[in-house]
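Engineer: Here is how the chains run, residue by residue.
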Amino acid sequence: MTLTATHLLALAPPILVCITAIVVMLAIAWRRHHTSIAIVTVVGLNLALLSLIGVWRMAPLAAPMLAIDGLAIFAAVLILVAALACATLTHAYLAQYSGPREEFYLLLLCATAGGLVLSASTHLATLFFGLELLSIPLYGMLAYVYGERRSLEAGVKYLVLSATATTFLLFGMAVLYAETGHLDVAGLAARLGDELGAWGLAGAALMMMGLAFKLSVVPFHMWTPDVYQGGPGPAATFLATASKVAVFVVLLRLVITAPAFQDGWLHNVLAVLAILTMLVGNLLALTQSNLKRLLGYSSIAHFGYLLTALVIGDGLSVEASAVYLVTYLLATLGAFGVVTLLSSPYVSGTQGGEDTAALHHYRGLFWRRPYLTAVLTITLLSLAGIPFTAGFIGKFYIIALGVESQRWGLVGAVIVGSAIGLFYYLRVMVTLFLAEAGMQRRDAPENWAIQAGGVVVLGAAVLVVVLGIYPAPMIDWMHHIEVLVGG
Amino acid sequence: MTLIWLILIPFMGGLLCWQAERFGDLPPRWIALATMLIELAITLGLWFHGDYHLANAGMASDSVRWSMEWRVAWIPRFGIDVHLALDGLSLVLIALTGFLGVLAVLCSWHEIVRRVGFFHLNLLWILGGVVGVFLAIDLFLFFFFWEMMLVPMYFLIALWGHSGSEGRTRIRAATKFFIYTQASGLVMLVSILGLVFAHHANTGEYSFAYATLMQTPLSESTAMWLMLGFFVAFAVKLPVVPVHGWLPDAHAQAPTAGSVDLAGILLKTAAYGMLRFALPLFPEASQAFAPVAMTLGVIGIFYGALLACGQQDIKRLIAYTSIAHMGFVLIGIYAGTPLALQGVVLMMVAHAFSAAGLFILSGQLYERLHTRDMREMGGLWGRLGSLPGFSLCFVAASLGMPGTANFLGEFLILFGSFPVAPWVVVIASVGLVLAAIYSLLLMQRVYFGPPQGEGMLADLDHREYVMLLTLLGLVLLFGLYPQPLLDATAAAMGEVQRLFGAVPQSTTLLTGMP
Chain A
0 MTLTATHLLA
10 LAPPILVCIT
20 AIVVMLAIAW
30 RRHHTSIAIV
40 TVVGLNLALL
50 SLIGVWRMAP
60 LAAPMLAIDG
70 LAIFAAVLIL
80 VAALACATLT
90 HAYLAQYSGP
100 REEFYLLLLC
110 ATAGGLVLSA
120 STHLATLFFG
130 LELLSIPLYG
140 MLAYVYGERR
150 SLEAGVKYLV
160 LSATATTFLL
170 FGMAVLYAET
180 GHLDVAGLAA
190 RLGDELGAWG
200 LAGAALMMMG
210 LAFKLSVVPF
220 HMWTPDVYQG
230 GPGPAATFLA
240 TASKVAVFVV
250 LLRLVITAPA
260 FQDGWLHNVL
270 AVLAILTMLV
280 GNLLALTQSN
290 LKRLLGYSSI
300 AHFGYLLTAL
310 VIGDGLSVEA
320 SAVYLVTYLL
330 ATLGAFGVVT
340 LLSSPYVSGT
350 QGGEDTAALH
360 HYRGLFWRRP
370 YLTAVLTITL
380 LSLAGIPFTA
390 GFIGKFYIIA
400 LGVESQRWGL
410 VGAVIVGSAI
420 GLFYYLRVMV
430 TLFLAEAGMQ
440 RRDAPENWAI
450 QAGGVVVLGA
460 AVLVVVLGIY
470 PAPMIDWMHH
480 IEVLVGG
Chain B
0 MTLIWLILIP
10 FMGGLLCWQA
20 ERFGDLPPRW
30 IALATMLIEL
40 AITLGLWFHG
50 DYHLANAGMA
60 SDSVRWSMEW
70 RVAWIPRFGI
80 DVHLALDGLS
90 LVLIALTGFL
100 GVLAVLCSWH
110 EIVRRVGFFH
120 LNLLWILGGV
130 VGVFLAIDLF
140 LFFFFWEMML
150 VPMYFLIALW
160 GHSGSEGRTR
170 IRAATKFFIY
180 TQASGLVMLV
190 SILGLVFAHH
200 ANTGEYSFAY
210 ATLMQTPLSE
220 STAMWLMLGF
230 FVAFAVKLPV
240 VPVHGWLPDA
250 HAQAPTAGSV
260 DLAGILLKTA
270 AYGMLRFALP
280 LFPEASQAFA
290 PVAMTLGVIG
300 IFYGALLACG
310 QQDIKRLIAY
320 TSIAHMGFVL
330 IGIYAGTPLA
340 LQGVVLMMVA
350 HAFSAAGLFI
360 LSGQLYERLH
370 TRDMREMGGL
380 WGRLGSLPGF
390 SLCFVAASLG
400 MPGTANFLGE
410 FLILFGSFPV
420 APWVVVIASV
430 GLVLAAIYSL
440 LLMQRVYFGP
450 PQGEGMLADL
460 DHREYVMLLT
470 LLGLVLLFGL
480 YPQPLLDATA
490 AAMGEVQRLF
500 GAVPQSTTLL
510 TGMP
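Protein chains in written order, with numbering that gives the first Met the number 0: chain A, 0 to 486; chain B, 0 to 513.
Just so you know, these hints were derived from the structure itself, not from any lab.
It is possible that part of the hints are untrue.
[Claimed, not checked] Quick list of the computed label-pair ranges, beta carbon to beta carbon:
#, chain 1, residue 1, chain 2, residue 2, range
1, A, G53, B, R76, 23 to 29 Å
2, A, I21, B, D24, 34 to 40 Å
3, A, V415, B, Y480, 48 to 54 Å
4, A, E194, B, G244, 49 to 55 Å
From the three backbone atoms N, C-alpha and C, an ideal C-beta is built for every residue, glycine too.
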């Protein structure tokens with residue numbers, strides 16, 4: 000297949016992001032200026048987002064090694080929105096940082112391009128390329144505030160463990176190639192057929208392992224809390240949102256196109272992993288006293304819920320995962336955004352200081368910053384899946400999916416997991432409202448709401464509520480995606 | 000359109016209260032009071048101008064008849080509508096909600112002094128959610144409100160509650176309440192979805208509409224499982240004995256307004272859910288399950304009464320009496336005769352009044368004595384002005400003294416259940432004796448015996464006096480002349496009875512018509 004002009008147009012979003020990255024690099028070389036670099040980044044990302052409207056008209060389309068279909072566009076929207084939010088939050092976060100600030104945007108743009116490629120890949124080469132392009136800048140982002148010990152630790156930890164996971168992934172690909180002689184997913188699927196041999200099973204399982212690491216599926220979850228806690232706010236936000244969405248989408252694509260991944264044995268393992276992930280994630284979150292760690296464990300649990308959609312893999316499954324990803328993304332952006340905003344004034348080279356993430360920092364926040372607290376409350380309620388928030392719609396879909404395919408074990412685990420989850424979300428929520436003497440005063444800046452970062456978290460919270468009350472547009476869109484995937 | 004306003008008014012009032020806090024403590028209180036008065040006025044207007052007998056004519060037909068209906072598409076993908084409807088039963092319960100809402104605002108007038116605006120936001124949102132539960136007949140919407148009202152209740156208990164003895168902090172109580180109800184609610188969601196997918200398998204289209212799902216043919220075992228899912232959620236909220244663990248803590252730790260709402264209205268949402276959904280949607284399964292449910296009811300009566308006798312904390316005592324009273328309600332619901340069902344409605348209303356009265360009184364005692372421990376009370380009869388007198392009246396109502404609405408409720412339930420389950424009635428009647436014992440224990444330990452202190456305590460002020468007098472008036476009014484209430488709900492209850500398919504009985508006794 001040759002590359003035509005149409006293909007180039009359809010690939011506009013990743014191309015635009017890459018061009019922005021180059022422009023940012025050149026601009027830094029020419030002159031360092033924090034705000035203008037941030038503006039260039041945001042403009043570039045917005046252009047990419049706008050170009051998606053044009054791409055939407057062309058879809059579905061198969062470029063070499065990439066698929067421009069509903070799922071890819073959907074993932075691109077989520078990744079770009081998350082990247083935009085991260086870029087905006089970064090501007091607030093690094094405003095008083097004394098070290099070099101501008102390179103963060105460069106890393107962010109590269110990782111975004113990686114995410115876009117990864118989520119559209121239909122070939123193992125693009126899959127690997129995208130995954131690495133997504134991960135490698137993240138090492139830098141996580142260790143960006145390297146004067147801070149925990150940040151450095153997070154970066155190195157992620158680097159070592161992620162590299163190990165990648166070797167598994169590569170080995171899996173090699174085994175699959177040896178067995179089938181194909182690297183494109185469709186060819187692989189056709190060659191493997193419905194029955195996996197020993198080699199095929201080994202290859203598929205190894206690939207699954209590599210991807211499961213990125214999604215922090217139990218038992219590959221150990222890195223998550225440390226990295227979330229140590230990484231700077233915007234980097235952790237990107238890791239929890241854009242990176243996870245991209246990896247999940249590619250896994251979803253693999254499972255849909257290659258029935259081999261739905262083979263009996265692997266299928267059961269996946270079901271057990273899903274149940275383990277939601278239970279372990281929720282149980283470990285119970286005793287955390289650091290909000291970022293807690294959110295890390297809760298994101299483990301959420302991907303457990305999402306895995307049920309993969310396990311079931313038919314009927315509503317694509318629609319359900321899409322809806323759940325949207326709700327998860329919005330709520331996580333809001334929650335991490337608030338943490339980042341609160342941490343922003345404290346990150347500076349001279350003073351040093353970790354992010355404001357210990358629970359006691361949040362004690363009585365409501366009486367000082369009522370709207371910011373409202374944002375955090377809404378996003379936590381959404382993560383807990385309470386009606387009037389988008390999270391409820393997501394949970395509704397997951398349970399509906401389980402009931403429809405009559406997987407009562409999974410449904411039971413989702414319910415138990417949610418009940419456990421409530422406990423720690425409520426603990427955080429009530430802390431926000433408790434006022435007592437001797438409160439720690441770690442505050443967001445007085446004018447947080449009019450800053451760009453404030454607008455982002457407010458927007459996320461408003462969307463969470465609006466989609467919770469009137470989800471019809473979102474559901475229609477997701478339904479449309481499901482239709483487009485087939486083509 | 001009126002129906003959606005009934006739900007929206009409390010929500011908007013709540014937001015106004017929150018914002019009005021910046022002008023001081025009084026504006027939120029007045030706004031909240033006005034909101035609930037408007038709500039009550041609208042409901043009473045509907046009561047007097049609407050005709051709730053008409054539905055009787057529809058008894059023969061298959062479709063459910065509503066006095067008012069409002070419907071607009073919400074999530075077309077799954078056939079979910081914002082579908083509200085009003086009949087006699089929901090009307091009575093909404094009126095009750097409005098009235099107890101007014102009381103809840105009034106009784107926290109002096110009790111709540113911190114963060115007044117946010118308190119009223121939560122209070123009004125609870126009430127809005129409850130009204131939503133009573134009006135929604137789309138199962139998704141019903142579930143939506145059912146879960147939604149937990150959040151403000153959680154905050155009410157966790158932020159304004161009283162911490163009890165060691166290990167019983169208010170946050171623990173609130174969390175327990177939330178997790179019990181939310182987890183059981185999710186079980187109900189699974190049941191709802193099971194029903195919807197069963198319908199989908201039959202007809203190929205999604206629908207959450209009450210009337211549509213009622214027609215779904217189900218196999219015996221499926222119906223049983225789905226019914227159990229609904230029953231679990233309602234049983235936790237009612238509460239039925241093995242799953243009642245949250246109730247005493249939540250009641251004891253909640254502020255007075257929270258207790259009034261919990262006992263007065265939130266418990267009734269469970270009974271309403273059984274009457275509206277569990278029985279009509281799964282008549283055969285419910286019929287088969289009735290003996291178990293009635294046994295649970297009897298256990299609840301004895302368990303609640305016995306534990307009430309042993310409590311030191313006055314609010315915990317009242318909480319346990321609620322468990323006993325709800326045992327009667329459960330028996331009445333599953334007996335399913337028109338008499339028993341009418342008794343259930345009357346009992347719900349009467350219990351709301353008497354429990355609200357007792358909780359308000361214990362709140363007032365707490366304001367004066369700063370304790371809820373009955374060991375530190377005693378001999379208060381002469382020291383409190385007219386408060387003990389009111390207590391005696393509400394205690395008498397709670398134990399089911401003839402002349403009060405509680406007596407009529409219990410009597411109708413027992414009388415109506417006798418043809419169906421004579422032995423259950425015989426055993427349950429013994430529970431009435433226990434009711435007398437715990438009620439008199441309460442009176443004796445608080446107001447009689449050796450006084451613990453000297454001097455007079457503050458008498459009731461006008462606000463408190465009017466609140467209690469109105470409540471007492473209503474208890475006596477419905478105790479002596481319950482006909483308006485019975486007329487309003489007769490048609491709705493007849494409908495439940497028809498769907499439940501229990502032993503048909505003449506309804507002439509109730510409606511007063513030949």
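Engineer: Could you work out which of the previously given hints the structure breaks and list their numbers from low to high?
Structural biologist: 2
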